[in-house]
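Line order of the protein sequences matches chains A and B. Positions 1 to 243 (our numbering) are the ones given, in order, by the first sequence. Positions 1 to 247 (our numbering) are the ones given, in order, by the second sequence.
Mixed in with the good hints there might be a few duds.
What the hints assert, rightly or not - Pairwise CB distance ranges (calculated):
| # | chain 1 | residue 1 | chain 2 | residue 2 | range |
| --- | --- | --- | --- | --- | --- |
| 1 | B | Arg83 | A | Gly39 | 17 to 27 Å |
| 2 | A | Glu230 | B | Arg83 | 24 to 34 Å |
| 3 | A | Ile192 | B | Ala222 | 44 to 54 Å |
The hints are simulated quantities; they were obtained by calculation from the structure and are not laboratory data. Computed from a prediction, not measured in an experiment: that's the story for all the values here. Just so it is clear, CB atoms sit at the ideal spot from N, CA and C, and this is done for glycine as well.
Here's the letter readout for the chains.
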Amino acid sequence: MKIELKHLSKTYPHGKAALKNIDLTLASPSLIGLVGPNGAGKSTLMKLLTANLLPTSGEILKDGSPLIKQEKELKSGLGYLPQEFGLFEDLTTTQFLDYMAAIKCPDKKTAKDEIDRVIALTHLQDKQKAKIRTLSGGQKQRVGIAQSLLGDPELLIFDEPTVGLDPAERFAFRNLFAETAKNRLVILSTHIIEDVQPACDHLVVLNGGEILYTGTPESLMAEKHAATLENAYMALVNGRASA
Amino acid sequence: MRKGTIFKYELKRLFCSKEYLLLLAVNIVYCLALLRGSVIYGTGFTAPFSQWTFCSYLSSAAVLLFILLLALCARQFTTSERRAVTILETSSVQMAVFRAIRYAATACAFLTAMGLSFGICFVFYRLVFDYTGFGSLIYAGLILLLPPALFLFGAAMLLGHKRQALVYILLAVVLILGAFGISLPDCMDLFGTSVVRPLYTGVQKFTFSNEFLAGRAAFTIAGVALIIFFIKRQRTNMSPMIFLRKS
Ligand SMILES: Nc1ncnc2c1ncn2[C@@H]1O[C@H](COP(=O)(O)OP(=O)(O)OP(=O)(O)O)[C@@H](O)[C@H]1O
Ligand SMILES: [Mg+2]
Numbered sequence: 001m002k003i004e005l006k007h008l009s010k011t012y013p014h015g016k017a018a019l020k021n022i023d024l025t026l027a028s029p030s031l032i033g034l035v036g037p038n039g040a041g042k043s044t045l046m047k048l049l050t051a052n053l054l055p056t057s058g059e060i061l062k063d064g065s066p067l068i069k070q071e072k073e074l075k076s077g078l079g080y081l082p083q084e085f086g087l088f089e090d091l092t093t094t095q096f097l098d099y100m101a102a103i104k105c106p107d108k109k110t111a112k113d114e115i116d117r118v119i120a121l122t123h124l125q126d127k128q129k130a131k132i133r134t135l136s137g138g139q140k141q142r143v144g145i146a147q148s149l150l151g152d153p154e155l156l157i158f159d160e161p162t163v164g165l166d167p168a169e170r171f172a173f174r175n176l177f178a179e180t181a182k183n184r185l186v187i188l189s190t191h192i193i194e195d196v197q198p199a200c201d202h203l204v205v206l207n208g209g210e211i212l213y214t215g216t217p218e219s220l221m222a223e224k225h226a227a228t229l230e231n232a233y234m235a236l237v238n239g240r241a242s243a
Numbered sequence: 001m002r003k004g005t006i007f008k009y010e011l012k013r014l015f016c017s018k019e020y021l022l023l024l025a026v027n028i029v030y031c032l033a034l035l036r037g038s039v040i041y042g043t044g045f046t047a048p049f050s051q052w053t054f055c056s057y058l059s060s061a062a063v064l065l066f067i068l069l070l071a072l073c074a075r076q077f078t079t080s081e082r083r084a085v086t087i088l089e090t091s092s093v094q095m096a097v098f099r100a101i102r103y104a105a106t107a108c109a110f111l112t113a114m115g116l117s118f119g120i121c122f123v124f125y126r127l128v129f130d131y132t133g134f135g136s137l138i139y140a141g142l143i144l145l146l147p148p149a150l151f152l153f154g155a156a157m158l159l160g161h162k163r164q165a166l167v168y169i170l171l172a173v174v175l176i177l178g179a180f181g182i183s184l185p186d187c188m189d190l191f192g193t194s195v196v197r198p199l200y201t202g203v204q205k206f207t208f209s210n211e212f213l214a215g216r217a218a219f220t221i222a223g224v225a226l227i228i229f230f231i232k233r234q235r236t237n238m239s240p241m242i243f244l245r246k247s
């Protein structure tokens with residue numbers, strides 16, 4: 001799969017420009033880390049990619065044709081975790097996943113297998129029968145990730161998926177994302193630079209609605225003569241030539 | 001999309017919710033109190049099982065029934081519900097179908113409560129008066145309750161899409177109108193309290209006034225139009241811009 005963003009801009013009604021003339025090509029298989037300060041436009045970009053929002057100008061092409069014309073195809077192969085998401089809190093973890101699987105899986109048997117698979121991937125085995133209302137923040141985050149993995153979508157978009165996870169879980173999810181991205185396109189936004197370096201093969205840095213950098217994490221470190229990606233990122237965002 | 005599974009969960013979520021069960025219990029208790037306190041004496045010297053008495057009973061029960069309906073509608077607009085629906089909007093689900101399923105589940109929950117109000121009264125008629133001619137009562141009861149219920153449902157969708165708090169304001173308005181017995185013109189008579197008025201002017205044969213029936217028709221049309229609008233609107237959560245771009 002190949003997604004091309006061409007001269008993409010988004011200005012919210014009565015708001016300022018959240019994205020300004022973005023040109024970017026994303027192709028599978030790849031794990032793309034989207035980083036940038038608060039308000040950089042990461043979530044906006046993700047909403048545009050999921051056809052949740054429409055661009056003010058410019059366009060998004062999926063495999064060469066406009067995304068808007070293939071909304072249905074896009075959505076049937078998409079797993080998305082919004083930054084602020086809600087769950088049906090009165091259902092148990094399994095019931096919620098069964099609800100979502102009713103949308104994403106064609107029959108009961110496939111749904112059951114998929115639910116077992118994503119529960120194992122997100123380590124929710126002991127919370128299967130717990131009401132979502134009773135889960136901790138990090139556990140809810142894992143239910144959110146689990147629902148996006150249902151149906152094994154070809155495009156996965158996670159908006160700050162590791163927020164609220166403990167270090168062991170963050171480590172596990174980094175590996176999960178890297179593993180998933182071996183034959184898919186996975187895009188994740190994060191503020192945690194350590195999440196990007198070991199896992200992502202591609203880094204996109206946004207600031208003030210513009211792309212500051214796109215390339216591998218290693219080449220950014222080399223470019224900024226930095227020992228860590230965090231230092232290189234800080235130098236980039238602060239406009240310094242080297243860390 | 002397996003519609004049956006989604007419908008099953010939507011029903012479960014409504015029927016097992018504390019607020020529904022609580023309001024249903026209050027409604028049943030209130031209906032029983034009405035039967036013992038007023039229905040048994042009949043309305044305006046008519047039989048307890050006359051259409052006049054039955055309509056009078058239903059117009060008293062309507063206040064709680066409509067509050068229950070609005071409380072069910074308000075549930076759809078909590079922050080966590082809205083955010084969960086955002087996830088659904090990015091899935092391949094047809095939002096119009098999803099909305100229709102949700103509305104159908106809400107309708108089932110309301111109709112169950114309404115059916116119980118009818119049923120309790122019918123059991124009472126059967127046990128106390130051995131009366132079983134329910135056909136004309138059901139007909140009058142449906143005309144009395146269904147049109148305003150459709151209208152309130154549509155209005156709740158309209159307001160809830162703007163802000164959840166507006167549904168609660170509508171609920172408060174219904175509560176105030178009901179609790180203080182504020183009388184509205186026949187054509188806007190939500191609870192149907194005006195139905196029995198002719199009885200006190202000497203009319204014996206039960207009929208609905210033309211103005212009342214016109215109001216019921218208007219409630220139905222407005223309610224159905226709003227419901228269809230909101231079912232369809234969800235089909236394109238990106239509308240109306242999408243149409244502009246495609247054209
Ligand atoms: N619905 C909205 N209406 C108006 N402006 C908005 C809206 N959503 C976002 N913005 C603005 O668009 C800009 C980009 O927001 P966005 O949420 O994409 O940032 P972000 O990079 O995801 O930030 P964060 O790291 O805090 O999540 C911000 O300046 C924000 O104020
Ligand atoms: Mg964001």
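Okay, A/Glu230 versus B/Arg83 on CB: inside 24 to 34 Å? The hinted range 24 to 34 Å holds for A/Glu230 and B/Arg83, with Cβ atoms some 31 Å apart.
Determine whether the Cβ-Cβ distance between A/Ile192 and B/Ala222 falls within the hinted range of 44 to 54 Å. Holds - the Cβ-Cβ distance for A/Ile192 and B/Ala222, about 52 Å, lies within 44 to 54 Å.
Please check whether B/Arg83 and A/Gly39 have a Cβ separation lying inside 17 to 27 Å. holds (20 Å)
The structure meets every hint from the earlier list without exception.
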